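Working from the sequences, and respecting the hints, build out all of it.
First to last, the protein sequences are chains A and B.
Here the first sequence is numbered in the working numbering, starting from 1 and rising by one per residue.
Here the second sequence is numbered in the working numbering, starting from 1 and rising by one per residue.
Check before you lean on any hint, since a few could be wrong.
A few chain B positions that, by computed beta-carbon distances, are all more than 12 Å from chain A [as the list claims (entries may be wrong)]:
hint	residue
1	Asp179
2	Lys208
3	Glu348
Selected chain B positions facing chain A (Cβ under 7 Å, derived; list incomplete) [claimed, not checked]:
hint	residue
4	Thr125
5	Glu127
6	Asp184
7	Asp204
8	Gln205
9	Asp223
10	Gln226
11	Tyr230
12	Ala238
13	Lys241
14	Lys242
15	Glu466
16	Gly467
Treat the hints as calculated values from the structure; they're not laboratory data.
If you're wondering where the values come from, they're calculated on a predicted model, not measured in any experiment.
Heads up, the beta-carbon is just placed ideally off N, CA and C, and yes, glycines get one too.
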Amino acid sequence: MTTPLESTEPAVQAAGSADDSPARRGTLRYAASKAGGALFSIAMVIVGTFFLFRMLPGDPVRNLAQGRNMTPAQLDLERRRLGLDKPLIDQFFDFVGKTLRLDLGTSYEYKRPVLDLIGERIGPTLLLAGTGLVIAVSLGIWQGTRAGWRHGTRFDRFSTGVSLVLWSVPTFWLGLLLMMVLGVGIGPIPGLFPFRGIESVDAPDGFAYVLDVASHMVLPCLTLVAVVYAQYLLVMRSSLLEEVGQDYVTVARAKGLRDDDVRRRHAVPNALLPTVTLVFMRIGFVVGGAVTVETIFTWPGLGQLFYEAVRVPDFTLMQGTFLLITVAVILMNTLADVVYHILDPRVRSA
Amino acid sequence: MRKWLARFVALGVAVLVAGQGTTAALAQEPAAGKKIFRVGATQSMDSMNPFLAVRLVSTSIHRWMYGFLTVPDPKTLAPSPDLAESWTTSEDGLTWTFKIRQAKWSDGQPITADDAAWTFNKMMTDEAAKTANGPAVENFETVTANGQDLVIKLKAPQASMLENPVPIMPKHAWESVTDMANYDSEKYPSVSSGPYIAVEHKKDQYVKLQANPNYWRGKPKIDELQVIFYDNPQAAIAGLKKGDIDLLGRMSPQEFEAIQNDPNIEAWNTQGRRAAYLQVNHGATTTDDKAVGDGHPALKDVKVRQAVHYAIDKQKLVDEVQNGLAKPADGSIVPPMYKDWFWEATGEEKVTYDPAKANQILDDAGYKKGSDGVRTMPDGKRKLEFRFTIHTDTPVEDKLAEYLTAFLKEVGITVTTVKLDSSKFTEETGTTGNFDIAISGWSVNPDPEEVLATHLCSRRPAPNGEGGGTESFFCDDTFEKLYQDQLKELDRPKRVELIKQMQERLYTQAPIIAIYYTNDLEGYRKDRVTSITPIPEDKGLLYGGSGYWPFYTVDVKAAAAAGASGESGSNTGLIAGIVGVVVVLGLGAFFLTRRRKSTADERE
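This is how it looks when you write it as structure tokens:
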């Protein structure tokens, strides 16, 4: 996805002092080229975003009228207010200039700057999706390691099977099921957890507030983890399987190390690389939130904001959130490349 | 290390589960003794600014917050005094004088005619302020205030003056607003004249309103009214079942069935204010009578439209598409809940399901059936192949399309379904005219003037193909004349008669074909709500009525009273605590045994 652009980096390279070790210079050089590539991608995304959202069907102004009786004069006024009366090329430069100044425009729907809205929503999203990611990754790596190390055992078949079933289940369905069983309660089981929003309407203060938010997080987090942890498990399991038969593992065993140590000190670090890449790629998407999960549980995050923007449709808001999500993914991809470079000597020498 | 991690996770889970109980208990604390009524909403609010808000949920909340000149009477739905305690009309019907009630805003300032004059003048001079209710002041020449007297001079007589939908805003709190288009009105507490004051709003989460002690009818029986937002209807239903909310309106028949057997929920099923109809492209034009769009030429023939009408089995649609929770339409777009205005076809004129008659009409008019069973135009050029335009993601409309296709196949007409997302749908069926038959519907207000106006010539798009707000591209001299006459008719019975004639004209000309009137489906917690009065009071609507009356009259059990909600709260806490302990012990035991086992394995 990222294209290295050698020409963009001399400035950065010149900054490196002469007494740096060659390896370190190599890493810096590599990082700079990746950063250049990322910048190019971001520029393309900005251009793409502008045209993409103008190709969508439906006239935003007519749409805002929502079937009300509006005179052409009123429509013109709205159009001027939204800057849609200018030629496309002017609109484009307007958009690029403002985006570079981090001005993402004003939402049609909320009548507030898009950046403010994103600022409000990013906290809950990071909290939910971040926690979900950490749990899913830990669970996936833990189960994947065990399953791969002893593949073919009952634990392997069971954990892989369960995770694959959950992975195949539609998120919406699973979310609603959890809502009915653990939220509303069935038969003698009472509803244990709240399933709407991030806090109670009459939320308490202090530590009780933390508990309140935590309890609101249980169901969305559970749904989020259940449907995604399989990928970490499978990647971890298959890369560990590759390592199990390697000579160095046999050597480690021959040295008389405990099985646990062979796994933990020798096999796992080598098998971890693909998972790390996957994790970094997912971090980018964390910003986008989990649109479905946020929508089921009315979680006030970016996913919900994006859903609302599509529902209206609110073009500036869609544009802004879309831009943010893509930029986050690009940055995290770049970071993944760089981290990979640091983690794996083979990539460095190549 | 893994063991510690596992213990830590287990502890976390336990704290959470146990904490849930504590929180429930704590959350009750500040609310103890208070009477709180919680309403669920699945539509998101567009604005707290009444000059801008158009969505049903927003306008409902504003009806609870602000007074109007008049409001529908809770019994008859006829206009009755609100902020205007009385009014007079000049001989020519052009000058209306409203006497504004001696009352106070929620901040203690007196309500004067000046507030009302400011509100209307703002709308007449500021384009942005017209966003929500522009048409309501279109006919105003001048609005002036003199003490408690508000004088409105009209350009032309208007009988529906007493149905003015504009909330009166406090001048002292609003006159500093310069950029109305971008004013979100998120200032709390709000300055209100209605039964409630908005005190807090978290976008897409909740709105909190408190009883207004200065409300002129007297303070509401409850202390707090909360509107709680859900992103999807399933979650809102779950919220009602759990008791997180006390009332949920605007349910679909399928959602309604989910609450019907719940012992704690009163399932509310009454006649609604919505009419569902088919919009037939009978030759769409702009206001300068230039044809637009690509409608099928056969539909220009009123005989074809009538044949289509005869071919539709409305009872079947009600039974199978609406699960029986609607009434087949034998009238026009005004639903039967408005007893005064409702018109129903009788005798010769009445169109009942009769495919044989539909075939007969088409045969007689020269639309011959081909060898494939599909009819062609009398000139033999085009087959009767119509598109039926519906919205994407609406299962009910999908089902409707299936039935309509089958009905029209019986009379030799082929139907293909076109699905459009809502913005494209509005454009094609309301402006560009690129459709043959489309689904539509309207929630009708106590005065049907506005819904009838959507079929006026002037509502068609302007010559440049923009604007307007037509529901049918209808432009009919008889209909126009009746509309003008009813505007001037200040005698209510006579005006009712004219409005019925307009509905009759729509029925016989069939630019639209009403198919059914959907029921108002709601549900409320009977274990919490002790009394609530619908509007109209006799088998009326609650949330669906979008009036303040049910929300002003509602009474609920106080939070401290050991009602069902309090009890289940503490129960939940106890059970959650027990579950927490069990989980900790279970997980602890699990990991301990696992640890032993794995060490044993390794030692082999």
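Outcome of the hint check:
Distance check on Asp179(B): its Cβ comes as close as 10 Å (rounded) to a Cβ of chain A, failing to clear the 12 Å threshold; non-interface status is violated. Residue placement check: Lys208(B) does not keep its beta carbon more than 12 Å from all beta carbons of chain A (closest about 7 Å). Separation of Glu348(B) from chain A is adequate, the least Cβ-Cβ distance of about 35 Å exceeding the 12 Å criterion. With a cut of 7 Å, the hint placing Thr125(B) at the interface with chain A is violated, because the nearest CB-to-CB distance is about 13 Å.
The closest approach between the C-beta of Glu127(B) and any C-beta of chain A is roughly 5 Å, which is under the 7 Å cut-off, so the hint is satisfied. Restraint check, Asp184(B) versus chain A: the minimum CB separation of about 5 Å is within 7 Å; hint holds. Satisfaction of the interface hint for Asp204(B) is found here, the shortest Cβ-Cβ separation to chain A being roughly 6 Å, below the 7 Å cut-off. Proximity of Gln205(B) to chain A holds as hinted, the smallest CB-CB distance being about 5 Å (cut-off 7 Å).
Hint status for Asp223(B): violated, given a least beta-carbon distance of 12 Å to chain A, over 7 Å. This hint holds: Gln226(B) has a C-beta 6 Å from the nearest C-beta of chain A, less than the 7 Å allowed. Interface restraint check for Tyr230(B): the shortest CB-CB distance to chain A comes to about 5 Å, inside 7 Å, so the restraint holds. At about 5 Å, the closest approach between the beta carbon of Ala238(B) and any beta carbon in chain A falls short of 7 Å, and the interface hint on this residue holds.
Given hint, Lys241(B) at the interface with chain A, holds; its Cβ is 5 Å from that chain's nearest Cβ, closer than 7 Å. The beta carbon of Lys242(B) comes within 5 Å of a beta carbon in chain A, closer than 7 Å, and the hint placing it at the interface holds. Interface restraint check: Glu466(B) against chain A, minimum CB-CB distance 5 Å, threshold 7 Å, status holds. Given the 7 Å rule on beta carbons, the hint for Gly467(B) holds: about 4 Å separates it from the nearest Cβ of chain A.
Checked against the numbered hints above, the structure violates hints 1, 2, 4, 9; every other hint is satisfied.
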